Amino acid sequence: MDFGPFLFLATLEGLVQAAVLCLTALGLSLVFGVMRVVNVAHGEFYMLGAVIAWWVTSIVGIHPAVGFAAALAIAPLAVGAIAFAGERLILKRLDYNPEATIVATIGMLYVIQQMALLFFGPDPRPVEAPFYFRIQFPWFGYSGYKLIVVAAAIAILLIAWFVIAKTRIGLVMRATQFDGDTAQAFGIPVNRVYASVFAVGAMFAAVAAVLIVPIRQAHYLMGLDPLLLSFIVVILGGLGSIRGTIVAAILIGLSDGIISVFFSPTLAKMASTLLVALVLVFRPQGLFGREEL
Amino acid sequence: MSGADRTKAVLLLCAVIAVLFVLQFLLPEYHHLSMTRIMVLAVFAMGYNVLFGYTGLLSLGHAMFFAAGLYAAGLTVYHLEWSVPLAFATGVAAGAVSSLVIGVVALRTTGVSFMIVTMMFAQVAYLATLYFTTYTRGDEGLVLPTAARSFDVFGVAVDLTNPVVRYNIALALLAATIAIIYKVVHSETGRALIAIRENEPRTQMLGYNTFAIKLKALVISGTLSAASGAAYVLLFAYVGSTFATIQYSIDALLYTLLGGAGTLLGPLAGALMMFYVIDIASEYTVAYLLIAGLVLIVLVLFFQKGVLGTIRERWIRWLP
Amino acid sequence: MAAVTLLETKDLSRSFGGLHAVSNVDFALGEGEVRAIIGPNGAGKTTFVNLLSGRLRPSSGTVTFEGSDISGLPAFERVRRGIAYTFQITSIYPNLPTLENVMIAAQGGGHKDAGASIAERAGQALASVGLQDRAGETAGEMAYGHQRLLEVAMGLALDPTLLILDEPTQGLSDSEIEDFCGLVKEIANKATVLLIEHNMPVVMQLADRITVLNFGEILAEGTPEDIRADRQVQAAYLGS
Chain F
1 MDFGPFLFLA TLEGLVQAAV LCLTALGLSL VFGVMRVVNV AHGEFYMLGA
51 VIAWWVTSIV GIHPAVGFAA ALAIAPLAVG AIAFAGERLI LKRLDYNPEA
101 TIVATIGMLY VIQQMALLFF GPDPRPVEAP FYFRIQFPWF GYSGYKLIVV
151 AAAIAILLIA WFVIAKTRIG LVMRATQFDG DTAQAFGIPV NRVYASVFAV
201 GAMFAAVAAV LIVPIRQAHY LMGLDPLLLS FIVVILGGLG SIRGTIVAAI
251 LIGLSDGIIS VFFSPTLAKM ASTLLVALVL VFRPQGLFGR EEL
Chain V
1001 MSGADRTKAV LLLCAVIAVL FVLQFLLPEY HHLSMTRIMV LAVFAMGYNV
1051 LFGYTGLLSL GHAMFFAAGL YAAGLTVYHL EWSVPLAFAT GVAAGAVSSL
1101 VIGVVALRTT GVSFMIVTMM FAQVAYLATL YFTTYTRGDE GLVLPTAARS
1151 FDVFGVAVDL TNPVVRYNIA LALLAATIAI IYKVVHSETG RALIAIRENE
1201 PRTQMLGYNT FAIKLKALVI SGTLSAASGA AYVLLFAYVG STFATIQYSI
1251 DALLYTLLGG AGTLLGPLAG ALMMFYVIDI ASEYTVAYLL IAGLVLIVLV
1301 LFFQKGVLGT IRERWIRWLP
Chain U
2001 MAAVTLLETK DLSRSFGGLH AVSNVDFALG EGEVRAIIGP NGAGKTTFVN
2051 LLSGRLRPSS GTVTFEGSDI SGLPAFERVR RGIAYTFQIT SIYPNLPTLE
2101 NVMIAAQGGG HKDAGASIAE RAGQALASVG LQDRAGETAG EMAYGHQRLL
2151 EVAMGLALDP TLLILDEPTQ GLSDSEIEDF CGLVKEIANK ATVLLIEHNM
2201 PVVMQLADRI TVLNFGEILA EGTPEDIRAD RQVQAAYLGS
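Line order of the protein sequences matches chains F, V and U. Quick note on my numbering: the first sequence kicks off at 1 and runs consecutively. Quick note on my numbering: the second sequence kicks off at 1001 and runs consecutively. Quick note on my numbering: the third sequence kicks off at 2001 and runs consecutively.
Next comes chain F alone, as it looks inside the complex:
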């Protein structure tokens, strides 16, 4: 294949990566933005989403599309419920102390991951795509489902943007993010907002995983990569900034996809991880954020 088409293919792969990363990182960013909690277990919610999707589709065996639709509804809800419970039982009791919550979410990471190993086993499991069609470009055919993933991610992001920017739910969230104490004084049930935000953050990761699981298989260790990538994205975009997160996700998703095609993926990961560490040290407001007072 010539360079041009090859780059085009790499860009398409990058787009899929970016779409999924956008959703996952948005969840992490939302939780950090509103609660100031760094959720190290975020990748495990992603993994749970994929695993539950496999489980649902393997039970609902009528037609792949029916199973997938059921998974798309059930997996995020189940993951959200688990996250909600974790928030109530653990994070709330720590009074959201930043360092204690990180240690606790590391614990949650192990617990969720190992539970998945216990009940789901160590083998990767495939999930059938809801439909098959190929889009034929002049140089190669490309999976239509992958493009649907990109479209679905965009649709979900638009809905999320609408909810956050235009509805009362969004207003309550932003008020809580801005100043929890004042929000509480104005009658906003800050506690419930926190639990809900934590659950919604996890649901974003779960949805991303359900979308991607027909392309990659479900596996109990699959959470680590999206976790690190989401960290990278959230830090580059500026901690807690949703717009920055999305811009960074597209940038990292695309460049990761493209670089991985041409160079060693390990080298690409090393470079981006190092970049992120340095950004956090020398430009803590992120590459796209503005300096605060």
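Hints listed in this document are in silico derivations from the structure and should not be mistaken for laboratory results. Be a bit skeptical, because a hint or two may be false.
[Claimed, not checked] Covered stretches of chain V (chain F as the covering partner; in silico rule of three or more C-beta atoms under 8 angstroms from a C-beta of chain F):
| # | region |
| --- | --- |
| 1 | 1105–1111 |
| 2 | 1127–1141 |
| 3 | 1249–1260 |
| 4 | 1279–1289 |
| 5 | 1299–1309 |
Keep in mind it's a predicted model, so treat the numbers as computed, not measured. A virtual CB, placed ideally from N, CA and C, is assigned to each residue, including glycine.
Starting from the known structure of chain F, fit chains V and U onto it as the hints suggest.
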């Protein structure tokens, strides 16, 4: 701490070392080997504790210092055929240099940012062990040849394949580490470390260059961790990428939290308990790390002072 | 009071975004003086002393101490040179024993009194505020008034040339304030004192001279009598 309390503390430390010495004659073979490993890992956790327990800085990347010692010592023996003492010194030096460099950069951040930055640097180090697979053989790792594991010290032949030799070298390293940390903690540096842990802005306004002191703590901490890594590869003859994973960083945190952060013997107690809990659990299930997760959550929720920290608070105020 | 100038600022300014918290302040403090800085809320008092102590960097201008320019020095260096700062909001080591609090200070200061050990100097500082009987108590468990005194003892243990007291009487009872004034007078025998204070009777009783800040600028300066008579100052305080 009064003079009498200090005497009691030193006596206790000596007693612990004496018990460990006697233990080697009583333990069956399997536990003899386990104890050797535990002592080496305890040195890693004790190094971690200098930074976390005494200075109050929570690093999530200490595996990179452990791995720095491990790889520096292991690769020089394997590829350059350096002698064991020289390789050990190289491992320790690698820890000192890497912690100095990482510290100068990472200590510009505090709190959560420091945790993430150290984690990210450690991840880069881990990926590096995979990337330079020509030298490291990545995940698969390298086994040191038996011939490279014996050496002469002043005419005395030392054979690291001998379990008795290994046990006593590990014990000597542990004893030296305890002595070093005791000395540091009871010096003016130790007072400054604790001051920073308790109230950093105030410490700055009392004339302390807190950045320089934190850097010193990180270098001591990283160097001890690297010494543990170097000892590990030389004693057990294997080096691989697993030792650089975040799992090892979290193990150091886990041992320290469980035993009691900011207590001298806490990391040893934590390493001992966790090692055996995991060892026993792994006989029954593949998901033995579940225990590590649960222990972390329970500690942070109900038991933040750890075992020895709680004992010190409730009963024995002079506990070192 | 035409003594040697100990500390001097020239054109000292600091702005936050568009807000000029301190602008173009020329200020001189003589050795051995007790100087009070007063001014309405938001006048820039705290920003000004933070510029002196090095907790903040100036946007422009210089700070000179004992004849050398210290504008670029970090806070801890200034402390070692003899500028001690006690916090407005009590900032001690609540989990450590009282004596250990003062020992940390005695070890940190740069003015090493040749011969006296850290423990001796800490003991003296603790005794001079009258807390010697509480040396073994956990600092955070003492009464608030005692914590304020500990804060001052930590300043004294640094053996400072200049002691900056930021709102030292805030939250103290009347009788505690009276004792405190006696303490400051004693300290003034050995060190220059810069006092940021709201409580006007305390200021009038202690200060040799008073500097009034308003909107980040020096509004007036003079003896307590001068300031009491100053119409501009009265206007600023009445908010007209």
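We went through each hint and held it up to the structure:
no.: 1; hint: 1105–1111; result: holds (count 5)
no.: 2; hint: 1127–1141; result: holds (count 4)
no.: 3; hint: 1249–1260; result: holds (count 3)
no.: 4; hint: 1279–1289; result: holds (count 5)
no.: 5; hint: 1299–1309; result: holds (count 4)
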